[in-house]
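A.B. asks: Each chain, written out:
Protein chains: 2
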Amino acid sequence: MNSAGPLSHRRRWSQGVVQQVSPAEVTDLGPGYLEPGLLPVDLLAKAYREALSEFGSAALAYGDDQGALPFRAAAARRAGCTEAQVLVTAGTSHALYLIATMFASKEDVVLVERYAYDLGRKILTDRGLRTRAVAMDADGMDPEALHDAIVAERGRVAFVYLNPTFHNPTGIVVPEARRRALLEVAARHGVLVVEDDAYADLTLDGVVPPSMAELAGYEGVIRLRTFSKTIAPGLRLGFLIADPRTVKRLVHHGLFASGGSANHVTSLAVATLLESGDYDRHLAWLRAQLKARRDALVGNLTGPFEFDVPAGGYFLWLRFAEEARVPAEVTVAAGARFGDGPGSAVRLAYSLNSPDRLAAAGRALAGSWIPSLERT
Amino acid sequence: MNSAGPLSHRRRWSQGVVQQVSPAEVTDLGPGYLEPGLLPVDLLAKAYREALSEFGSAALAYGDDQGALPFRAAAARRAGCTEAQVLVTAGTSHALYLIATMFASKEDVVLVERYAYDLGRKILTDRGLRTRAVAMDADGMDPEALHDAIVAERGRVAFVYLNPTFHNPTGIVVPEARRRALLEVAARHGVLVVEDDAYADLTLDGVVPPSMAELAGYEGVIRLRTFSKTIAPGLRLGFLIADPRTVKRLVHHGLFASGGSANHVTSLAVATLLESGDYDRHLAWLRAQLKARRDALVGNLTGPFEFDVPAGGYFLWLRFAEEARVPAEVTVAAGARFGDGPGSAVRLAYSLNSPDRLAAAGRALAGSWIPSLERT
Numbered sequence: 001m002n003s004a005g006p007l008s009h010r011r012r013w014s015q016g017v018v019q020q021v022s023p024a025e026v027t028d029l030g031p032g033y034l035e036p037g038l039l040p041v042d043l044l045a046k047a048y049r050e051a052l053s054e055f056g057s058a059a060l061a062y063g064d065d066q067g068a069l070p071f072r073a074a075a076a077r078r079a080g081c082t083e084a085q086v087l088v089t090a091g092t093s094h095a096l097y098l099i100a101t102m103f104a105s106k107e108d109v110v111l112v113e114r115y116a117y118d119l120g121r122k123i124l125t126d127r128g129l130r131t132r133a134v135a136m137d138a139d140g141m142d143p144e145a146l147h148d149a150i151v152a153e154r155g156r157v158a159f160v161y162l163n164p165t166f167h168n169p170t171g172i173v174v175p176e177a178r179r180r181a182l183l184e185v186a187a188r189h190g191v192l193v194v195e196d197d198a199y200a201d202l203t204l205d206g207v208v209p210p211s212m213a214e215l216a217g218y219e220g221v222i223r224l225r226t227f228s229k230t231i232a233p234g235l236r237l238g239f240l241i242a243d244p245r246t247v248k249r250l251v252h253h254g255l256f257a258s259g260g261s262a263n264h265v266t267s268l269a270v271a272t273l274l275e276s277g278d279y280d281r282h283l284a285w286l287r288a289q290l291k292a293r294r295d296a297l298v299g300n301l302t303g304p305f306e307f308d309v310p311a312g313g314y315f316l317w318l319r320f321a322e323e324a325r326v327p328a329e330v331t332v333a334a335g336a337r338f339g340d341g342p343g344s345a346v347r348l349a350y351s352l353n354s355p356d357r358l359a360a361a362g363r364a365l366a367g368s369w370i371p372s373l374e375r376t
Numbered sequence: 001m002n003s004a005g006p007l008s009h010r011r012r013w014s015q016g017v018v019q020q021v022s023p024a025e026v027t028d029l030g031p032g033y034l035e036p037g038l039l040p041v042d043l044l045a046k047a048y049r050e051a052l053s054e055f056g057s058a059a060l061a062y063g064d065d066q067g068a069l070p071f072r073a074a075a076a077r078r079a080g081c082t083e084a085q086v087l088v089t090a091g092t093s094h095a096l097y098l099i100a101t102m103f104a105s106k107e108d109v110v111l112v113e114r115y116a117y118d119l120g121r122k123i124l125t126d127r128g129l130r131t132r133a134v135a136m137d138a139d140g141m142d143p144e145a146l147h148d149a150i151v152a153e154r155g156r157v158a159f160v161y162l163n164p165t166f167h168n169p170t171g172i173v174v175p176e177a178r179r180r181a182l183l184e185v186a187a188r189h190g191v192l193v194v195e196d197d198a199y200a201d202l203t204l205d206g207v208v209p210p211s212m213a214e215l216a217g218y219e220g221v222i223r224l225r226t227f228s229k230t231i232a233p234g235l236r237l238g239f240l241i242a243d244p245r246t247v248k249r250l251v252h253h254g255l256f257a258s259g260g261s262a263n264h265v266t267s268l269a270v271a272t273l274l275e276s277g278d279y280d281r282h283l284a285w286l287r288a289q290l291k292a293r294r295d296a297l298v299g300n301l302t303g304p305f306e307f308d309v310p311a312g313g314y315f316l317w318l319r320f321a322e323e324a325r326v327p328a329e330v331t332v333a334a335g336a337r338f339g340d341g342p343g344s345a346v347r348l349a350y351s352l353n354s355p356d357r358l359a360a361a362g363r364a365l366a367g368s369w370i371p372s373l374e375r376t
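Residue numbers (UniProt numbering), protein chains in the order written: chain D, 1 to 376; chain G, 1 to 376.
None of these hints come from the bench; they were simulated from the model. Every residue gets a Cβ at the ideal spot worked out from N, C-alpha and C, and that includes glycine. Take the hints with a grain of salt, since some may be wrong.
[What the hints assert, rightly or not] Taking CB as the label site, the calculated pair distances span: (1) D:HIS189 <-> G:VAL151: 33 to 39 Å; (2) G:ALA334 <-> D:ARG132: 45 to 51 Å; (3) G:SER276 <-> D:GLU184: 30 to 36 Å.
[What the hints assert, rightly or not] Straight-line Cα separation of at most 20 Å, SDA-like style, residue types lysine to any residue; simulated pairs: (4) G:LYS46 <-> D:ALA45; (5) D:LYS122 <-> G:GLU329; (6) G:LYS106 <-> D:ALA45.
Let the hints inform the model, and build the full structure from the sequences given.
C.D. replies: The following block contains the structure:
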């Protein structure tokens, strides 16, 4: 099932419909996309049908500004918070833009991990904010470096933007102790934490620590969740969780007073999936699919580089001592897109291709780095 | 068909699902909502089904940043522009927020009509902009007053926000000559015009002039369109039309680079309605429904007030010499919500109730203004 690559789903998977299309002959390990065959078309057809049948015209009206209660209730139950703490967003990009425009002033600083989601950073800088990279190690952002950065930018820090679980691009999971240490530093300085938690449902091995927001009792942390990585990005559906006061501050903005819920009918469609158990069944299936893909890539990847096997999410981070050349039949995301660091690195997404293609890509990558490369 | 009031559709039309619910015993002429029975539930169920069937996984992927081409092509054909000039938005509120955050700086001024959409103004002021009301008469904003306001606010004007067709709240249509005069003033000063064109498809009598954007050849004007008033607000789907350079400036923002199309799957669902002719058939039906509602209200509305019969849209503007008392069984929108002016006024929406209820509301209103009121 679903072992074919994007090519077999290409009928309307074309330029001008979807965001980006790679040439047919290239195995694209670049973007953080799901393989077309992993996008649950039938499940969504059913979800929209059921939402429109169950809610009728109420699914088509201006939705409750904060998001329809049936959706918020289901989201809150899963997150261990109250409905008052949930705000429906049109995905994480939308949520980050809202926070960057409503809770930050032009020329404020956002502290980010040394390697951080490039397009998330672009949302911040295009809004006129400055980002400052903070040193990280294999356990995530360094708390002392965070302290030093806050002190150095005294009064100008709008928030810290972190992605502690199955980090994009490095795939790491920040351990609980490190999460607590980072929270302690942020709280001590009264600096808001924005936790991008897009991948946390995609555990492939083991368990993950509680989110930073949960560890903080949802005080001083805004947690961003999305269905883009676990159902489908074309839905443009996510939600944020924060303390009720912060949610109120956002939802009282004219944007919500005027338009109502950020994505009403789609939130009701997804609410039917959350309530019926369909979402959990889909997630179990998707995890198995991603695990097969990760293992196919990892099992064929040997060469003059280092990597840690990611325990979840979409990404594997390959590190070299020097600049590397990638074989022409494979596309990867250059590490420099995400930030500067010692040596060289590339991000490989194992989400967009079949296990067979990933295995072949792994072999092609293993055999074709430039010979002068040395291990880091 | 659809002659029942909101009460008969109330099963899930309840607090926490939809934005606002009036008590059962009140005929609510306040909000610019469609009556639940006018929201095309079956049509949307079909549209989502067809979009998912036709586009498959491509409907669920990150959509083209500017919006899927099949949608943009259909929208452009109707507007007489090119696909490069169309950007998909999550409704007019979203579009206005984008323009207010991307094309204006905090403390800039937005010039608005003396009476203007209150929640649109709130989007601007909550974003930290200042609004300045410009005098209007029965033909819309006064061009000389616009000139004077631009001069008075020299260098601080981000844009002029206008709603020239079936104006919210007054229902007027700005004649073509006045549109040209306003455009001439804005162009002379190099000031951007944002044309909120939410109601233009809802002509009940006669024809409307070309949009200001069309008259300007889409130069210097951003036109905001939405399906919230003609299909359903819960879709959160609209689009803006501008010159290709302005569209590029918007679409190159990290927000779109990261999330892709602002509302991908729903734009493809609506594209099927635009292409099949279903949208036009629905529009013809909706116009007839609204016309019956407007006529039922107007035919029963006599009293110590003045009004012009609106030729389209949702709203009728009732003017008095003094403050008026409204009967308890009817809710209206106080004119002061939309701006200050001489005398007193209220906005009546004839979109949310059946003709029978509107006729009864008209009679109730006609009989119960305070006796001391005099005609203006």
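A.B. asks: All hints, please: hold or fail.
C.D. replies: Hint check results:
Checked against the hint of 33 to 39 Å, the pair D:HIS189 and G:VAL151 fails, with Cβ atoms roughly 46 Å apart. One distance hint, 45 to 51 Å for the beta-carbon pair G:ALA334 and D:ARG132, holds here, with the actual separation near 48 Å. Remark: the range hint 30 to 36 Å for G:SER276 to D:GLU184 is contradicted by a beta-carbon distance near 59 Å. A C-alpha spacing of about 10 Å is found between G:LYS46 and D:ALA45, which places the hinted pair at or below 20 Å, so the restraint holds.
Between D:LYS122 and G:GLU329, the direct Cα distance comes to roughly 52 Å. Violation of the 20 Å bound is thereby established for this hinted pair. Taking the CA atoms of G:LYS106 and D:ALA45, the gap is about 43 Å. The hint is violated against a cut of 20 Å.
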